[in-house]
Amino acid sequence: MIDIIQTYWLYFLVGQFPNGPLGGLALTVLLAALSLTLALPAGIALGLARVSPFRAIRWPITGLVYLVRGVPLLMVIFWAYFFLPTITGVKTEQFSTMLMALVAFNAVYLAEIVRAGIVGVARGQFESARALGLGWWRAMRWVVLPQALRSMLPSLVNQFASTIKDTSLGYIIGLTEVSFIAAQINTQVFTHATQVYLLLALTYFTLCYSLSRVAYVLEKRLNRRTAAPARVPLSIEPTTNPAA
Amino acid sequence: MIQFDNVNKWYGNYHALVDVSETIAQGEVVVVCGPSGSGKSTLIRTINRLEPIDSGTISLHGADIHARGVDVNQFRSHIGFVFQQFNLFPHLSVLQNCTLAPVALRGLKPAQARDKALALLERVGLAAKADAFPSELSGGQQQRVAIARALAMEPPVMLFDEPTSALDPEMVGEVLMVMRDLVRDGMTLVVVTHEMGFAREVAHRVLFMDQGRILERAEPHAFFNAPQHPRAKQFLADIRSPFARGD
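Chains A and B, in that order, are what the protein sequence lines are. Take the first sequence: its position 50, counting from 1, is numbered 50 in the numbering used here, and each next residue is one higher. Each number in the numbering used here comes from the position in the second sequence (counting from 1) with 1000 added on.
Simulated from the structure, these hints should not be mistaken for lab results. Remember, it's a predicted structure, so these values are computed and weren't measured experimentally. A portion of the hints provided could be inaccurate.
Just so you have them, the derived chain B footprint on chain A, three or more residues with Cβ under 8 Å [unchecked claim]: (1) 123-133; (2) 168-177.
If we take Cβ atoms under 7 Å as the criterion, some of the chain B residues that face chain A in the derived model are [stated by the list, open to error]: (3) 1048; (4) 1055; (5) 1057; (6) 1076; (7) 1077; (8) 1081; (9) 1083; (10) 1087; (11) 1089; (12) 1101; (13) 1105.
Note that beta-carbon positions come from the ideal geometry of N, C-alpha and C, so glycine has one too.
Isolated chain A, as found in the complex:
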């Protein structure tokens, strides 16, 4: 195993870079990071559209969500890679194809998480914001969404971890991300498949685990002040019973 690492570590990390296109783990991290940063705002926008009071906004987006949610990610990637160029006439290269597919697919899943988060915020919160004179958008922006995002954090992290792992599907369209590189290494050393793919698994695990640690710390920090302190229930307070 050590000799595999010694021989291929640089190839594993960056692919053929700088003598060729960037690949390997660096490309995976780049793809995942870009997907998440683009998919989150898109997901929030779609989630808001899902609860919009305007049917003209709500219905088409709801349809889109149902459609994309009903097909496998692999299909979305194939669409983006084979189908889209026939419409636009522009042949897209693998990285942007994969990025588009991941953003579209994840935005839809995030939209449902966002919607659930918004619906989960007590109705009185929205009402009291509106009663102060804040409009729909401001009430969402300043009162409902901040609370919703907090409660959504665990589900968001779940989806983010999925996204990181889904980048491996780039393999199928020849994107030289880390799974592709691992397969390349495997064909070169071809008697050590177990070690190569164990390393690959560890790599993904490390990425996802670090993400959940960051999220955990974030969650703790967000909850430090605003969570209700444990209040002593009246019944077990050491008071004398006035009825006795």
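The hints should help you fit chain B onto chain A, whose structure is shown.
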């Protein structure tokens, strides 16, 4: 100041407000009481359009609140509303709860809004809690902050929807005290409450509602000592029975 003209409201087949007509004058303190389900909360919630109405008009200073195309946010920013469940924003500090709307809607500079909010918190006796979060306060304190939050918009009228009903009994007094203070300032108040002591002491007029109708309107003294309508007599007898909370 606030005028109801033949207002009707339905929840499906349930007739929640039946031909309600009423005028509330500037500076008047009106207590709305009645059994649960009588429509008193619905009535007060229609004043700032938290509930839509099906027919009739409600106007504030002559302007129709429920008309199509009116800027409802503009109306609401001039009508303070205090909820039974306080509804403070839990992710914001007490001070931020009171500065959010004035900064967003009145264009106040953060420093101005802060000074004003602190003055209001002082008035409700909670200046020391400005940096606390709502979850760190008792129910009575939360409701006092909710009143300060509404006052921060300088509304000429305040609506209270059972402001003390969700409170432990020992906290009711502190909230009523703040409300008395508003009455002393000559503010227009519409209060839905079961606190008959409060009604008797500070209200200028009591409206008694049952089954979506205003059945009796009277000065507190007259209402409590000589109710006219049989249902009002029954209601007062019920709340005076030794096993119910009343005055």
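Taking the hints in turn, this is what the structure says about them:
1. For the segment 123-133 of chain A, the proposed coverage by chain B is satisfied: 9 residues have a C-beta within less than 8 Å of a C-beta in that chain, meeting the threshold of three.
2. Check on the segment 168-177 of chain A: 0 of its residues sit with their Cβ under 8 Å from a Cβ of chain B, so the three-residue criterion for coverage is violated.
3. At about 6 Å, the closest approach between the beta carbon of residue 1048 of chain B and any beta carbon in chain A falls short of 7 Å, and the interface hint on this residue holds.
4. At about 23 Å, the closest approach between the beta carbon of residue 1055 of chain B and any beta carbon in chain A exceeds 7 Å, and the interface hint on this residue is violated.
5. Interface hint status for residue 1057 of chain B: violated, as the beta-carbon distance to the closest one in chain A is roughly 20 Å, over 7 Å.
6. At a threshold of 7 Å, the smallest CB-CB gap from residue 1076 of chain B to chain A is about 4 Å, leaving the interface hint in force.
7. Below 7 Å, beta-carbon pairs count as interface contacts, and residue 1077 of chain B has one with chain A at about 3 Å; its hint therefore holds.
8. Given the 7 Å rule on beta carbons, the hint for residue 1081 of chain B holds: about 4 Å separates it from the nearest Cβ of chain A.
9. For residue 1083 of chain B, the shortest C-beta to C-beta distance to chain A is roughly 6 Å, which falls under 7 Å, so the interface hint holds.
10. With a least beta-carbon distance of about 4 Å to chain A, the hint placing residue 1087 of chain B at the interface is held under the 7 Å criterion.
11. Hint on residue 1089 of chain B holds. Least Cβ distance to chain A is approximately 5 Å, under the 7 Å limit.
12. Using the Cβ-Cβ criterion of 7 Å, the hint placing residue 1101 of chain B at the interface with chain A is satisfied: the shortest such distance is roughly 4 Å.
13. Annotation: residue 1105 of chain B was flagged as interfacial toward chain A, and the flag holds, the nearest CB pair being 5 Å apart, inside 7 Å.
The earlier numbered hints that this structure contradicts are 2, 4 and 5.
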